[in-house]
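Number of protein chains: 2
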Amino acid sequence: MENTYLIEKDFKELLKEQSAYKEAIALAHWDMRTKIPKKGVEQRSEVVGFLAEKLHQLETSEKMKYFIDVLKDNTKDEIVRKTVEECEQNYERNRKIPHDEFKEYVMLQSKSEAIWQEAREKSDFTLFQPYLEKLVDYNKKFANYWGYEKNIYDALLHNYEPGVTTETLDQVFPALRNSLTSLLDKINQSTVKPDPQVLKGHFPKTKQEAFTLDILERMGYDFSSGRLDETIHPFAISLNINDVRVTTRYDEEDFLMAVFGTIHEGGHALYEQNINPNLASTPLATGTSMGIHESQSLFWENFVGRSESFWSSHYELFKNYAPEAFQSVPLNQFYRAVNEVKPSFIRIEADELTYPLHIMIRYELEKALINGEIDVKDLPGLWNEKMKDYLGIVPPSDKEGVLQDIHWSGGDFGYFPSYALGYMYAAQFNHTLNKEMNVNNLIASGEFDQIREWFTKHVHQYGKMKKPLEIVNDVTGEALDARYLVDYLTKKYSGIYQF
Amino acid sequence: MENTYLIEKDFKELLKEQSAYKEAIALAHWDMRTKIPKKGVEQRSEVVGFLAEKLHQLETSEKMKYFIDVLKDNTKDEIVRKTVEECEQNYERNRKIPHDEFKEYVMLQSKSEAIWQEAREKSDFTLFQPYLEKLVDYNKKFANYWGYEKNIYDALLHNYEPGVTTETLDQVFPALRNSLTSLLDKINQSTVKPDPQVLKGHFPKTKQEAFTLDILERMGYDFSSGRLDETIHPFAISLNINDVRVTTRYDEEDFLMAVFGTIHEGGHALYEQNINPNLASTPLATGTSMGIHESQSLFWENFVGRSESFWSSHYELFKNYAPEAFQSVPLNQFYRAVNEVKPSFIRIEADELTYPLHIMIRYELEKALINGEIDVKDLPGLWNEKMKDYLGIVPPSDKEGVLQDIHWSGGDFGYFPSYALGYMYAAQFNHTLNKEMNVNNLIASGEFDQIREWFTKHVHQYGKMKKPLEIVNDVTGEALDARYLVDYLTKKYSGIYQF
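Chains as they are written, first to last, in my numbering: chain S, 49 to 547; chain G, 49 to 547.
Be careful, since some hints might not be right.
The list makes no distinction among identical chains, and a pair is therefore deemed to hold if it is satisfied within one copy or across any two copies.
[Stated by the list, open to error] As a list, the in silico EDC-like pairs of lysine to aspartate or glutamate whose alpha-carbon atoms are at most 16 Å apart:
| no. | residue 1 | residue 2 |
| --- | --- | --- |
| 1 | Lys505 | Asp117 |
| 2 | Lys390 | Asp125 |
| 3 | Lys57 | Glu126 |
| 4 | Lys83 | Asp270 |
Hints are computed from structural coordinates only; laboratory data are not their basis.
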């Protein structure tokens, strides 16, 4: 074994350059979605394209290959070893796609997104169909370049949830689906319904903002390492561990969007803010997967934010910010109303019980597409059939159906399952957490520090040092199990709907 | 002459890369001064350093040298020709400094700025002195590398106001100084003084913001290509022609800062927003010099914003936004108060009449320093002597004297004269403009379009296609002449102070 100290030093310099490009790109994106003046967008897109190309060049450079080869089995430093692994995977996956094909694909992506927008506006799937066909073809091709063991779709899943396969999903999803639809039946049959009307009313933006800032502060979001801004499609973004920004959207006639949206993005941000500083400027300094990220946002949004304990301790605070109209609503009515279950056409408007059903529809369709079992042209019909089967409703148009999500227009196949996985992870984490502390009591007394610190200790700090299923196993001592989500939902909704 | 079409195409690609880095750097700076969370600053500084280094590499690359050599005398395209000139100058100036010296200098700069801040806080010049000595030495060395004809200081002046020399300044400054001090004498002797008390009072930030946004809109600042944000030290910044941002600062007990500050930065922004779009993505797509830039900001701030005509047409508007306390102040008292002349220690707080005297003090001292005629250690004493001579007051401490400005700590010698030059240019432009239209009538009727369009036609559109003195000559038909500034000030202040 040779002395690799100097080589590691040079390797770290290269990683710093990558981080610098990543921060510049992240800042450009954040600005484009929150601050940029209208006419600045065109030039900015070119700037982002240029910086992304430079980053890509570094990730696939001969220099990078050299570091990987030399350091791979020769470093004693655990962080360097994991970093090399991450870089190697990036390198291999990127190099396997011929440069020309990748460039064509990038152009197809941006064209497709524009066409999808038009198609959605006009609710005309045929406009989007030829583009989607090409996107599916490219993704099949890429999946074959990347390779897989059992199912071609696994190669795509790997981009978002490494380690999770169709085999896993096909084990957990059907049982989850049956449980959810049976819960949904009971809810539909119940005569004890929450009254969503109690949440209706004008809630000024400035008051919503003040309330959401207060909640973020209480969650332990560090404002000296972040900030909250307004946007159209809310997101959290990490520029670096010490600059993790949250965005939200205020609807003055529907305060739920800002409140739960901010708690959700705040959950993502807590993850990124609490990564071990020793990982800074390496590609490990971010959440390990989409699913684990979503477990953090959904834990805070649903298991904390939509819980009875949370509102028992924060309802007075809410009233301090809320206008007159809300002051006379009893706590119990309020709690029930924010947890109304009602099948809806649009995924991002779904309640927490029906949400996973939306995901499964997308998963089943895209898996079949990539496996060549169905054709793109059949998607609208199949979509509506599955909506009828799982949710009992059929969208009146493709705009509210197959055309609603942006993901496929960007070629993002394999992404959707992360949302449901994250939810199951969250429930499983919640189960373990409850064995170690009385979570409801802590929430009910507004003491979030212990909860947040537990997640930092078990999840946040590792960044990409651990794979998603490794985290699940290390934290809970078990493999992924949908039972915890079903138990949580059953307990909660049998209470609310009294069945 | 060979066919250079394809080479020009490649050259333009290189320029686009430069522009992309410049936009990324500008955005990072804007964010650092307006939005960044406290803990994000450290990492961001590294990102900016990295991007600046990449930009510097492009500007001094062999590729750049190749394009300069091939295209220099071989292009028929006027924009390409001027761009090559600009690139060549950049290339030559950068290449003349040995890389090691440049790196040492950059480190010295950032260290010196921190030391200067400490020295200023403690009002202890001796802390700063050794750093300033080194900065002066480096600047002398660089000036010798760059070369000059008559005075070594000219090599530094060239960085900010190409074409202007100490010879020019030594022609215009003494006469200007005599006129200003004699005007100041008359003002001091006058018994008819404005009453600044009428401007005192609480003015809520949100109201100030609404008023300044309204004024910017009326000036013709394009909000679809820009935005207004809050900062500590206001500035305007161009990310590209279609994204030119303005910042301001609100002091609730002194609304003048935000109002005149925003008009000033708005003047800078109008320049950058109205550059010929054909220059986009070339290094010509920005203001031609610090002085011409300052002519635009000062024209709007002083010749428009502090004029009687402006307040005659905008005083009702002001009152719409202003709190009760200001409603009873008569227009004439208000106008006189915003134009109070009073020698002050701090340059950036100076009124428009004494402002150039502050500049001359700095010019005379830095010219003598660079020429080795005085020593750094003698600066505090010399500073105070000149303050006494020109303004009749002596700062109580170096904090309010020689240590007040950041410029020297960044090694920016040769910058200060631009402020006074810009003011003289503005007066000279104003004189010409008045021959073509009744400027006061237009201002008095709130019609700024013709004025702005005149500046776009004669100044803005050219970006760096014309040198500063070329613009002055083309617009006014004359060489630089301080007379117009003296005439303007004499007329205005003999009215206000009745002498």
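Tested hints:
1. Lys505 to Asp117: Neither. Shortest intra-copy (32 Å) and inter-copy (60 Å) distances fail the 16 Å Cα cut-off.
2. Lys390 to Asp125: neither (52 Å within a copy, 66 Å between copies)
3. Lys57 to Glu126: Within one copy, since 15 Å is at most 16 Å while 47 Å is not.
4. Lys83 to Asp270: Between copies only: 15 Å across, 22 Å inside.
Figure legend: structure checked against the earlier numbered hints; hints not met, in rising order: 1 and 2.
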